[in-house]
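The hints should help you fit chain B onto chain A, whose structure is shown.
Each chain, written out:
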Amino acid sequence: MNSFKKNLLKKRYNAERRFQWYGKIAIGLALTFLAVFMFQIFSKGYSAFQKTWIVTEVHYDKELLLIDAESPSKDDLENADYYDVAYKAMTSLDPGLPEEEDRQLIQMVSYKYETEVKDLLLKNPDYLGKIVPIKLTASDDVDQVHKGNYPRDIPEKNRRVNDYQLQIYDMLNERGDILSEFNISFFTSPDSREAELAGIASSFMGTVFSILVCLAFSFPIAVLAAIYLEEFAPKNKFTDFIEVNINNLAAVPSIVFGLLGLGVLLAVFNLPRSTPLVGGITLSLMTLPTIIIAARASLKAVPPSIREAALAMGASNMQTTMHHTVPLSMPGTLSGTIIGLAQALGETAPLILIGMVAFVNTIPGTPVDPAASLPVQIYIWSESAERGFVEKVSACIMVLLAFLILMNLAAQIVRHKFEKKWS
Amino acid sequence: MSKIKAENVNVYYGSKQALFDVSIDIAEKEVTALIGPSGCGKSTFLRCLNRMNDVIEICRVEGSIKMDNLELNSRKLDVVRLRENVGMVFQKPNPFPKTIYENVAYGPTIHGIAQSKEEMDQIVETSLKKAALWNEVKDRLDEIGTGLSGGQQQRLCIARAISVSPEVILMDEPCSALDPIATAQIEELIDDLKKEVTIVIVTHSMSQAARVSQKTGFFHLGKLIEFGPTDKIFKNPDNQQTQDYITGRFG
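Quick mapping for you: the protein sequence lines, in order, are chains A and B.
Be aware that the first sequence starts at 904, since it is given in my numbering, and climbs by one per residue.
Be aware that the second sequence starts at 53, since it is given in my numbering, and climbs by one per residue.
Isolated chain A, as found in the complex (with noise of 0.2 Å):
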C-alpha cells in the first residue's frame, strides 16, 4: 500500500473515531442536564414526603368540654366546645407563659388543631374525661425548621419562627416529642392556604378526569378521521389541504386551544367553568392531531399486502379495514394515543384560561366538579410566598414525572407486546 492510499485511511479512521466522540459527548450532557434536574427536584421535593407533628397532652375535660350528660351520646360529643380544651393541651407546654403571648405557641401548630384534638375523641369516646397524649400538625414554618430547610442564623425580626418558638421547639425535641412521619395527608387532602395542611388530592383527580374526559374525546374522533383519510378518501387537492392542517395544528401553542376552550366552551356552550370537563375537551383539541397522525402512520404501516389478501377474498373496503386494517394499526395508534395524552397531562396554560387555576379546597367526585390538575397546581404552589410550599412544589413534579414515566412506561408495553412482527 502507498503512503497515500495509507493516509486516506487513517483520515477515514481518524474521522469516524471522531464522530462517535461527538456522539457521546452529546449523550454525556443530555444525560448531565436530566441528573442535575432530577437531583435538584429529589433533594428538594424528598422531604414533603415527611410530615411533623408535636405531641403533648390533652385532657379532656368535661367541663371545659361543656358536657353535661353523664354518659355522652356521639351528637353530644360532636357538639361540645373544644376551644379550650385545645388551647390548655398546646399553652400546657409552658405554663409559665403569659396569656397574652399565647399566640406564640399557638402558631406552632396547624390553625385545624382545634379538629384534630376533636376528631381523636370522637374516635376513641373513651377518652372522655382523661389526660391522653396528642399529635398536632406542627406548622409549616416548625415543620421546615424541623427539615432543616429554615435558617436558625437570620435576625429574629426577619424569622417567621422567633426565638421564643426555637426554645420550645428544641425543648419538644429533645424530649422527642417532635415526630416526622409519612405525609399521608399529602395524597389525601385537598389545595389548601397553609402548606402543612395542603395535599395533591384534589389536582390528581382533577388530571385523571381530565386525562379521562380528553380520551373520550379526542380517540374516536382522531381514529375515525385517520381511517377515513388514510382508507377512503380519495387522494386529490382538498385531503391534502386537510392533511396539512392537521399537520399544522399539532404544532399550535397550546395557550391557543386554551383561548378557543374559553371562548366556546365557556362563552358559548355555558359548560361549567373550572372543571375537569371543559379542561379535558380543551386538551383534546392538542391530542387530537397528535392522534391522528400516529394513527394514520400505523395504518400506512400495515402492509399492502393484507389489503389485498381481504379484497381479493371478496371483503368490502369497509370489512377489509375493519377486520384487518384497524386492528392490524391498533397498537400504533394506542401507544402514540397514550403519548398524546401524556402531553396533554403536562399542559398547564390551557388550563389557567379555562379557570382550573381557581383555589380548589374540595377533591372533585366527577368531571363536572371544579379542580386543579398537577401541572397548574404546581404553578400555584410555586407562586406561593411560603417556604412549606417550595418541597411541595417538588413533590408535585415527582408525581407528576412519576405519572408521565407510568404512561410512557404503558405506551412502550402496548406497542412491543401487541404489535405484529412481518417477517
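The set of hints was computed from the structure by calculation and includes no laboratory data.
Hints are not guaranteed to be accurate.
Below, simulated EDC-like cross-link-like pairs (lysine to aspartate or glutamate); rule was C-alpha separation at most 16 Å, straight line [stated by the list, open to error]:
no.	chain 1	residue 1	chain 2	residue 2
1	B	Lys55	B	Glu82
2	B	Lys144	A	Glu1211
3	A	Lys1138	B	Asp106
4	A	Lys1140	B	Glu109
5	B	Lys169	B	Glu188
6	A	Lys1138	B	Glu109
Structure of chain B alone, referenced to chain A:
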C-alpha cells in the same frame, strides 16, 4: 369451453398505457399460463380478471372481459360477488396474522357460506386437504398462520382462496418466493385443482409454465404476442419473439 373471454383490453396507468388490445380466451378447468419478461403486463392483465386494479386509483381499464357472459369491466358489476367467484393467490404469501383456522374461515364467514360451526369446521378441513396442508397443520389450527414456513404459508393462501369454492383461481407468480421442494408441492396442487377450477397463472419460470399449463400466452411490452396450446408455444411457436424468449435469447 371458454370460461373467460377478453376482447381488446387496454389498460392505462395515468397516461401510460400498460396493455394494448389484449384478446384472449381462457378455457374452463384448464391451467392457462401467462409468461413474458418483467413489466410486460401479464400481472396487470391477471388483476383485470378480479378487478384488483380498482385499488389503484390512476388505473383505467378499457375493453370487454366476459366471464360466462357476465361483463366484468362494468361499473355495475358487484366486485364482492366477482371476487367470491374468482380467487387470487399472490406472489408473496400473505396469510392474515390470525390463526390458521381463521385464515381459511374468513372467506366463508364474510360470504355467509357456512350455517353452523360444524359446517365451518368441515369447510376448513376440506380446503386445507385440497391445499395438501391438512396433515401438517391439523393439530395446530389455532396457531398463527404467519408462523408457518414459506411454502406452507402459500398453501394456506391457496386453501383460503378455495374455501369459498371459486370457479376461477388467479395465481400471480405463486412460487417465486419458494424453494424448489415447496414449488413442486404447489405445482402438484395446481394439477389437482384444475379438475374443479379454472386456473390462470402468471409465472417467470418457463419450465413451470411448461409443466403445469395446457395453454400459454406470451406477453411482451403490453401486447399478447402469441397464445396457444403450451406444447405448441414451447416446441413450435409461430412468432420469432416468442421463440427468442423461450430459448432464453432475451428477457
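**Message:** Under the constraints set out in the numbered hints, which ones does this structure not fulfil?
**Reply:** Violated: hint 5 alone.
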